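As a plain string of letters, each chain reads:
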Amino acid sequence: MDQSNKEHRKKSEKATAKKKLHTQGHNAKAFAVAAPGKMARNMLRSSDVNERKLHVPMVDRTPEDDPPPVIVAVVGPPGTGKTTLIKSLVRRMTKSSLTEINGPITVVSGKRRRLTFIECPADDLNSMIDVAKVADLVLLMMDGNFGFEMETMEFLNLAQHHGMPRVLGVATHLDLFKSQSTLRASKKRLKHRFWTEVYQGAKLFYLSGVINGRYPDREILNLSRFISVMKFRPLKWRNEHPYLMADRITDITHPELLETQGKQIDRKVALYGYLHGTALTSVAGARVHLAGIGDYSISHVEKLPDPCPTPYFQQKQEEYERERMKEEGVAGTGAPRRRKRLDDKQKLIYAPMSDVGGVLMDKDAVFIDVGTKNGEGASFVPGEEKGEGEKLVTSLQSAEKSIGESFNGVGLQLFSNGQELHAADEVADDLSDEENEASNGKNVGRKSLRKPRIYGKSVQEDDAEIDGLASDDEGDNDAFDDDEDHQRRLVEIDFNSGKGESIEPQTDSEFELSDHEEDVWSRSTASKLQGTKNRRRKWDIGKLIYMDNVSPSTCIKRWRGVEDDDENDENADDEEEDFFSKKDGAITNKSEADDDLEKFKPHFETFKNLMSKWSNFDSIKSRLVGTSRPTSTNKETEGGDGDEEVYGDFEDLEEEEGQESAGDDVDEDSKQDSDDNDSEKSFADFEEEEKLDLTVEQEREQNAAKKENMRLQFEMEEGENFKEDDPNNEFDTWYELQKAKMAKQLEINAAELESMTPEQRQKIEGFRAGSYVRVVFDGLPMEFVENFDPKYPVIMGGLLPTELKFGIVKARIRRHRWHKKILKTNDPLVLSLGWRRFQTLPIYTTSDSRTRNRMLKYTPEHSYCSASFYGPLCSPNTTFCGVQVVANSDTTGNFRISATGIVEEIDATVEIVKKLKLVGYPYKIFRNTAFIKDMFSSAMEVARFEGAQIKTVSGIRGEIKRALSKPEGHFRATFEDKILLSDTIILRSWYPVHIKKFYNPVTSLLLQNKSEWKGLRLTGQIRAAMNLETPTNPDSAYKKVERVERHFNGLKIPSSIQKTLPFKSQIHQMKPQKKKTYMAKRAVVLGGEEKKSRSFMQKVFTISNAKDEKKKAKKQDERKERLKKLAKLEEIKIEKDKERKKKYFSENGRKRQHADAGGDSGSHKRR
Amino acid sequence: MSTPRFATFQGCRNFRLLIVLATLSGKPIRVEKIRSDDLNPGLRDHEVSFLRLMEAMTNGSSIEISYTGTTVIYRPGIITGGSYTHQCPPGKPVGYYVEPMLYLAPFSKKKFSVIFRGVTASHQDAGLEAIKWGLMPIMEKFGVRECALHTLKRGSPPLGGGEVHLVVDSLIAQPITMHALESPQISSIRGVAYSTRVSPSMVNRMIDGARKVLKNVGCEVDITADVWRGDNSGKSPGWGITLVAESKKGWRYFSEGIGDAGDVPEDIGALIAYELLEEISKSAVVGRSQLALAIVFMVIGKEDIGRLRITKSQIDEKFIWLLRYIKQIFGTEVFLKPVDDADSDDLIATIKGVGFTNTNKKIA
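Protein chains in written order, with full-length UniProt numbering: chain A, 1 to 1167; chain B, 1 to 364.
No lab work stands behind these hints: they were computed from the structure.
Take these hints with a grain of salt, some might be off.
Unchecked claim - Looking from chain A toward chain B, a few residues come up when the C-beta cut is under 7 Å (computed): (1) VAL283; (2) GLY542; (3) LYS599; (4) PRO602; (5) TRP614; (6) GLN745.
What the hints assert, rightly or not - With the Cβ distance kept under 10 Å, some of the chain A side facing chain B (calculated, not the full set): (7) ALA286; (8) ASN877; (9) ILE902.
Quantities reported herein were computed from a predicted structural model and do not represent experimental measurements.
Beta carbons are placed, not taken as given, at the ideal position from N, Cα and C, and that holds for glycine.
With the hints as extra help, turn the sequences into a complete structure.
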């Protein structure tokens, strides 16, 4: 029994190993890397992950405190449960159920968050494009039982090229799976497919079944929680443009206009909605794009009270109100309650186009809910009224045109002043009507639901008041102003809003008092000086500057208070006249030169004045580094100076360093004396002394103020913090630095805007994102109003100055790989670029090694090419996508997005060429010269191409020399070698291609059937429709190539050349054989039959040869004769020629004689 | 696409500025009544020449001048830049043409490299040193780093014969948002006195005159002599001086002047020195002649708020016209508020940029 066991290992080894660990006095394991490779890999991976998280830092311009609602778009093919999902979510968030979903629904979802749900029409590509541009979050619905459908894929691709919003997948219809295993498998399949489309690990929700017309509560709860905590990155396009999704629209055209001029007139339409993106400018006439309608100018914008404020905002309002109450001495209602959950009261919903419970008032209309809360047994149904009130309402509903409306108008006109009553022309009517409507809405609005949410004076009123004041002097947008004024007045009368302050006098002149504080100040001073009529006003330069009816010189005089006051009170018109009447005098010329920037040099006083003024530099001492300053006495008397020094203490360390290094010129004495702003070490103690005078509190206060000041200063003042080049700045990475800079700038923006009065703020900033506005457009097409369908989103996008211009856009474009066909140049393509959707005719090009842009007939199969098209310009780096058809009826089952691309460059013109090959054939060849025919048809054409490079097919290069005189269009050309007569000559040239200036906006919202917009058809479609054949050039047809076998003679090298050739190039020939071969040695003797035949043949040949000779001789003779004849003829011809020449020259000579005799003075002159 | 609406302006005031602002904003403008009640109505030679220059530096812009020359319609195109040589008519010096180019050059498609030929100095318009040391540092503050004006030849009025080369190599997307809240301290005064075709002693006398005035200023004064001889000195005799006060952070104030026949060089030197002091006293962060450039660059900045300190005396008629024109074209207003410092009556001009970006530039 031989059993070999493993040898026993001794225990002691382990002990030694452990001992070894403690070699250097400490545990080696504790201070060394156990697995360096793994560690390195881990580090690599973690840094990789971290880097991938980084994005190019971008400023987020959404306001922090009251952001606009998040737009949640629910997208999916028909029958995937979009409506059900919205209903479930709305029910979950607001406890109210909707029966129908029309237009955006805004709900409050959290303390500081609102959501706007929008259902994207499933079968409309246009709406999908628009929704992809504005949605912050997309709930991508898919039928889990079916899988992905074309719409889903299309939407994902659209979204990707408009800045990719966040996408949450929602798979429904999962209850239709019978077995658990198939459910699991298909879930997994769906998920992975979704991941490849969006990103790895993208969230996909599964909703199982529908209970009571809603999805299961638990699943919806999860989904809503997920939505409410979601964070969003700023998207570039939306961060640069203001935009708005219309909650509702109202046609506010004057009904009388409609009556008198018919329904076909352009309408005045108001859009309502929350502003998103950047601030919308408050200047009237801003251009915006209404997707699906076109470009329009805003007639006016107005901020309305938020119909759906967040609890946070409400709380702030409450606090504000409470404070005000306190100020007024009214007992407070108690401390604010802090809530963790939303009250039911706060769970607001705003969906003016859908049927939400409750009555809703707005400026232009009143909404009455006609359904009950649970959605069944609707009231206000004509014929089924449930009471007297309902009857009244239904009868009103049935009335075509209520008398009350006109009645209302009259009543309010009575209310306003008499002048307006008399103004009977159309415009005034229009205005007054608007006022009526406005005031009407206002009047009722105060008593409406919304009232409790408005503190003291609503934002709107405030704005209105401001607007009214500011625009008085402008006087161009009367409509707007009047409107405002009336509102304001009404407010004053109706509610006596109790602001405590009286209204400013309603002057139409330009004298305004600056801002609020100053206003108050001036009034108080004015009251002091009541006795004297001559009271002094303080002018705000900020306002004066922009009063166009005040000349700048007067502005300055008034501001500086130089002028007499009575002139101040003068009417603006007078002044204007004054100004203009002066104009033709010499004085104006002088002043004109003075205020003209054409004159670069600023105005200076005369030499003498300057000399006397600058006899000493006291006034600019503070501006000069290291100069002496008159010290002790000055300082002690001035209290304010001390403050400044304290400032100086904080001032700038950098300055000090620099000064020390550069302060070489400064003499020591002055240095000691100076108590300049800069901190000098020697003065530290001195300042200390001064500081002792202040109490600690005061000092602290000062320091705090200074700190605050410093906080808002930027890099230049900040010192070290933002120095990019400085390695010692407090930021580790460039990324952090940029982030910090942006944060700082935003902070400054906020602080600066905060410090302005609301009026100024509006002017400087415009309408902020998040504000609920009413945007009025004049002259929208009537089709928009008539064919309005709330199911289709209406989007207004602001346009930057570049986007208003039209030109050539050069873009990089690629056919979408799922699109079935390649795209053809000059075939119409609907592009979705920026806010716009438009049809244009792109020309596809490629760049021939950057020397030229060559036209391509078709896009390449799989790679990018360039495309140039005419259209509205858009800043480079904007991505876009193109579709060929948007109409549903033209849609096949295929993927519709045909191209995707990015704008590379914009320009007014572009140079595109296509290749043009001209072909000719030689007909006479000399050594290197050949005459070419068939390339041109006239000598002039040849002249155009003189010197052009040509080439034979075999590759011999040449040049066009000169046109031949005789056969028109033939020319002489030289080549680098002798060409063959059978060669084809090719001239390669480039022919410019012009872009067709075709721009056709997709006006889908103007149609009755929104998804049936048809623009220009593709060439192929037109041909198919008209049953035309594609024209073909027979030359272009592919035929079987038949080539004649060519015979080339062997190369013969003259022996003289052969001799001189180098050995290597010599032709090696075998020597002639010297020895006779076997066969040669043997003689062949003829005999018999063969000999006979041979001799016979010989005889025959001899005879024929003799005959031939005879013939030849005869011919020779004939030829001689002929030559003689020809020579004779030639002689005669020469003779004739001579005569002709003689005659010609004799005539010509005489002419010249005449010329010489007639104008010899002229010829002299010519020389 | 609707017909473009013009912003309409009256008179020839700020003509170049209007054209520049229109080009930057892309808005078509109409200037009416240009010297309509003058004996010689309509556009002058130099203005037409300027329009030509604009046409050369842009692509797709259209200029319509009425028959009498009193009305101009300008539809701006795209700023393209590139190389060009401009012959300036003798009425105005090259500075007249270079100055507006500074507004446009950083926002063009290609790098600017323009040679201007003509007179290089005058009493009214920007001189070469004023541009080089006065305006270009302002541009540098806004992020335009690589810009230079090379003097190839000097040409004094009336005959000129000078040649300058404007090179702007940095094409920026948008100017940096400015925050200049403190009046900078002047650390040194520099200058250059030049002469063409006259005795170099004139230069030295000018320097003496200026030095005498600036003797007690206390900071370093360094004025260099720049005497031009031979072919490069143009066709006419002339001399002038430019003084620049500079701060450590790169802000500059300047004054300049040229001498006429019969002027005493010392007086000119002294006058310019006094004017420099006056300019310093009247300006906060930028001088009066730099203000327009700074304000325009702030207006076309990012949609952030920029701040610039100005003095009360800087608010003059020119300034008001500038702001009014900016408002008319860009729709932006400047907000002025006093500094929170009891001692000074300076103001802070707060401007929110219009969010302009250089869309002319090609990507990659």
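To see whether the hints hold, each was checked on the structure:
1. VAL283: 4 Å, holds
2. GLY542: 5 Å, holds
3. LYS599: For LYS599(A), the interface hint holds, since the closest Cβ of chain B sits about 5 Å away, which is under 7 Å.
4. PRO602: This interface hint holds because 4 Å falls under the 7 Å limit.
5. TRP614: Holds, about 5 Å.
6. GLN745: Interface hint status for GLN745(A): holds (5 Å vs cutoff 7 Å).
7. ALA286: 8 Å, holds
8. ASN877: Hint on ASN877(A): holds, closest Cβ of chain B at ~5 Å, below 10 Å.
9. ILE902: Where the cut-off is 10 Å and the nearest Cβ of chain B is about 8 Å from ILE902(A), the hint holds.
Hint violations for this structure: none, all hints satisfied.
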